[in-house]
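These protein sequence lines are chains A and B, in that order.
Everything in the first sequence is counted per the working numbering, starting at 1 for the first residue and increasing by one.
Everything in the second sequence is counted per the working numbering, starting at 447 for the first residue and increasing by one.
Everything labelled a hint here was simulated from the structure, so no lab data went into it.
Hints are not guaranteed to be accurate.
Claimed, not checked - Just a sample of chain B residues kept apart from chain A, beta carbon distances all over 10 Å, derived:
| hint | residue |
| --- | --- |
| 1 | V494 |
| 2 | D498 |
| 3 | K516 |
| 4 | S517 |
| 5 | Q537 |
| 6 | L568 |
| 7 | A571 |
| 8 | E605 |
| 9 | L639 |
Stated by the list, open to error - Heads up, simulated DSS-like pairs for lysine-lysine below, C-alpha to C-alpha not over 25 Å straight-line:
| hint | chain 1 | residue 1 | chain 2 | residue 2 |
| --- | --- | --- | --- | --- |
| 10 | A | K29 | B | K582 |
| 11 | A | K276 | B | K516 |
| 12 | B | K598 | A | K54 |
Note that the Cβ used here is the ideal one computed from N, Cα and C, for glycine as well.
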Amino acid sequence: MDEEYDVIVLGTGLTECILSGLLSVEGKKVLHMDRNDYYGGDSASLNLTQLFRKFRDNKEAPAELGRDRDYAVDLVPKFIIANGELTKILVHTDVTRYLEFKQIAGSFVFRDGKISKVPSTEMEAVKSPLMGLFEKRRAKKFFEFLQGWKDEDPTTHQGLDLDKDSMKAVYEKFGLEPGTQDFIGHAMALYLDDDYITKPARPTYDRIILYTTSMARYGKSPYIYPLYGLGELPQSFARLSAIYGGTYMLDKPIQKIVTDASGKFVGVTSNGETVKAKQVIGDPSYFLKSDDGKIRVIEEGKVVRAICILKHPIPETDNSDSCQIIIPQNQVGRQHDIYIAMVSATHNVCAKDVYIAIVSTVVETSVPEKEILPGLNLLGPIHEKFVSITDLYTPTSSGEADNIFITRSYDATSHFETVVDDVQDVWKRVVGTPLVLKKREVEVQE
Amino acid sequence: MSKQFQFKLVLLGESAVGKSSLVLRFVKDQFDDYRESTIGAAFLTQTVTLDDQTTVKFEIWDTAGQERYKSLAPMYYRNANCAVVVYDITQSASLEKARTWIRELQRQADPSIVIALCGNKLDLAARRQVSQEEAKKYAEEEGLMWTETSAKTGEGVTEIFTEIAKKLPLTAPSAARAGARTGGPATRTGVDLNRQSGSAPGQPDACNC
Chain A
1 MDEEYDVIVL
11 GTGLTECILS
21 GLLSVEGKKV
31 LHMDRNDYYG
41 GDSASLNLTQ
51 LFRKFRDNKE
61 APAELGRDRD
71 YAVDLVPKFI
81 IANGELTKIL
91 VHTDVTRYLE
101 FKQIAGSFVF
111 RDGKISKVPS
121 TEMEAVKSPL
131 MGLFEKRRAK
141 KFFEFLQGWK
151 DEDPTTHQGL
161 DLDKDSMKAV
171 YEKFGLEPGT
181 QDFIGHAMAL
191 YLDDDYITKP
201 ARPTYDRIIL
211 YTTSMARYGK
221 SPYIYPLYGL
231 GELPQSFARL
241 SAIYGGTYML
251 DKPIQKIVTD
261 ASGKFVGVTS
271 NGETVKAKQV
281 IGDPSYFLKS
291 DDGKIRVIEE
301 GKVVRAICIL
311 KHPIPETDNS
321 DSCQIIIPQN
331 QVGRQHDIYI
341 AMVSATHNVC
351 AKDVYIAIVS
361 TVVETSVPEK
371 EILPGLNLLG
381 PIHEKFVSIT
391 DLYTPTSSGE
401 ADNIFITRSY
411 DATSHFETVV
421 DDVQDVWKRV
431 VGTPLVLKKR
441 EVEVQE
Chain B
447 MSKQFQFKLV
457 LLGESAVGKS
467 SLVLRFVKDQ
477 FDDYRESTIG
487 AAFLTQTVTL
497 DDQTTVKFEI
507 WDTAGQERYK
517 SLAPMYYRNA
527 NCAVVVYDIT
537 QSASLEKART
547 WIRELQRQAD
557 PSIVIALCGN
567 KLDLAARRQV
577 SQEEAKKYAE
587 EEGLMWTETS
597 AKTGEGVTEI
607 FTEIAKKLPL
617 TAPSAARAGA
627 RTGGPATRTG
637 VDLNRQSGSA
647 PGQPDACNC
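The whole structure should be built from the sequences, with the hints applied where relevant.
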């Protein structure tokens, strides 16, 4: 370990693995370490043994759940938006070679005590029980307006300016009821709260278009999901990094981040040995304690997540083998939405006839488990439940001054768009220029 | 018409026993004395034609160095149909390492996996530390195929892959096998991300980002 590296990466979560892969492809000499003996960090998928080790104090998993190896239970509930930024990175880096994806079967929204499918096209909107007859006409006009919008053609703007007018003004222009605004803003634009309403409409427009084009891509829902669980994603980027010369060390406890007299990064100490590098990138868990007294990460809220093992599909979801259900905050008197994400044996993440649902939300009170009750109540009998309350950390500085670059915790959003934002942000801080994806040569020799 | 099957083959073994050299010999019929570890290849493919005109296409995964610090990902073993576990006949410790890898395969891989134990560097037989008897006895006990090869001279290399091909279950097209990611893009059951933006109305070409 007396070599010197360009970059040491700490933690093998998805954010760190994407960065490691991209940096290795770029020609950087990367050393990637993790304190755990498995890949994925907070974005890992665990087998039953690992799951019970983590949540049940090493207790053995009940035999009736089936074989250990059949399980890959995600710690963080997220789906991939078919036309989103993560898909672009997957395609451009060619890691799709190592992965196989399936659709998520349905996207639902909770309203007035019932679960309904999220309409994503004019046709579905017309049939949806979410709206009355007149409201359907108004919604149809609204969607036609969004689909028809062209920046360069003012006749498509109907007097609105997406960059200046608020989303509130757009909703009002089409006379949409609060309930309709709820499912558009939360189940399609995927906002966690209502802050977006008073802001310019452009980002909301972009998000709705992302939702509808993603929906159009494969048909059943805007989401796709990797077979064998989300933990496959960091593993595939780690392989990319290794193929381009990156060195991998799991099961490496990190004792110290070494800095020089001016506070600049020098190296990382593991098992008494110090490895040197020019820069370090790591997930926040590696920087909670600092040896020089500097506070490098701060907590910006908490997420509560309940991993639930079911023996049946979620009621009222047309027996979908997988789905997302969004409970908009207004519906249950909260500030943040509650999400349910469910996958099953179809995705090779559990034994046959088992369903894994994760209910999650941003913590607002001192009794987080109570906050997710509206979600838990929709699941029917719950066979096993593993609850976690996770601190969301964010770095206190950009890292440019001391060459210590810290990523963010996985937030409460239901997709990976903010993860890619973080990758782009860290890349720019580390490399100094924006991330530009180049298509790799296809190396498979036929 | 001849039938074609595709299988995922993984390589295992200690660093510097000649895993990549074996593949390079098999796939490109090349050898390089000072070869650095493989850079830039996701995996290599090579086809073997059997006597009855059946063709077997191997999708060969190299460890990319992730074996060095025991950091191979479960993804590596996933859906592997066959494995070549390599040791160096001039280093007895490398056979010990091979035993560890075989235990790991028995734990992590599909129980039906075909495993071949392969003693490489036969061209250096004068410096042999691992006897044929010892390795063969171990292979028999564990129900493994066994052979010796030289990636440098090419001796035994094509043969080991052909023998593996004969041992694989050539009963159904591999695409029909449970979870065969080895089926290749055309036979995948899931969604194909590479089916690009052409089919996604309203999205600019993703390459412009």
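Consistency of the hints with the structure:
1. V494: Holds: least Cβ distance 15 Å, greater than 10 Å.
2. D498: holds, 23 Å
3. K516: violated, 7 Å
4. S517: violated, 4 Å
5. Q537: Per Cβ check, B:Q537 is outside 10 Å of chain A; nearest 22 Å; holds.
6. L568: For B:L568, whose nearest Cβ neighbour in chain A is about 26 Å away, the distance exceeds 10 Å, so it holds.
7. A571: Correct as stated: the minimum Cβ-Cβ distance to chain A is 31 Å, above 10 Å.
8. E605: holds, 21 Å
9. L639: The claim breaks: B:L639 does not keep its Cβ more than 10 Å from every Cβ of chain A (closest is about 5 Å).
10. A:K29 <-> B:K582: violated, 41 Å
11. A:K276 <-> B:K516: Measuring from Cα to Cα gives roughly 21 Å; hence the hint holds.
12. B:K598 <-> A:K54: Violated, at about 48 Å.
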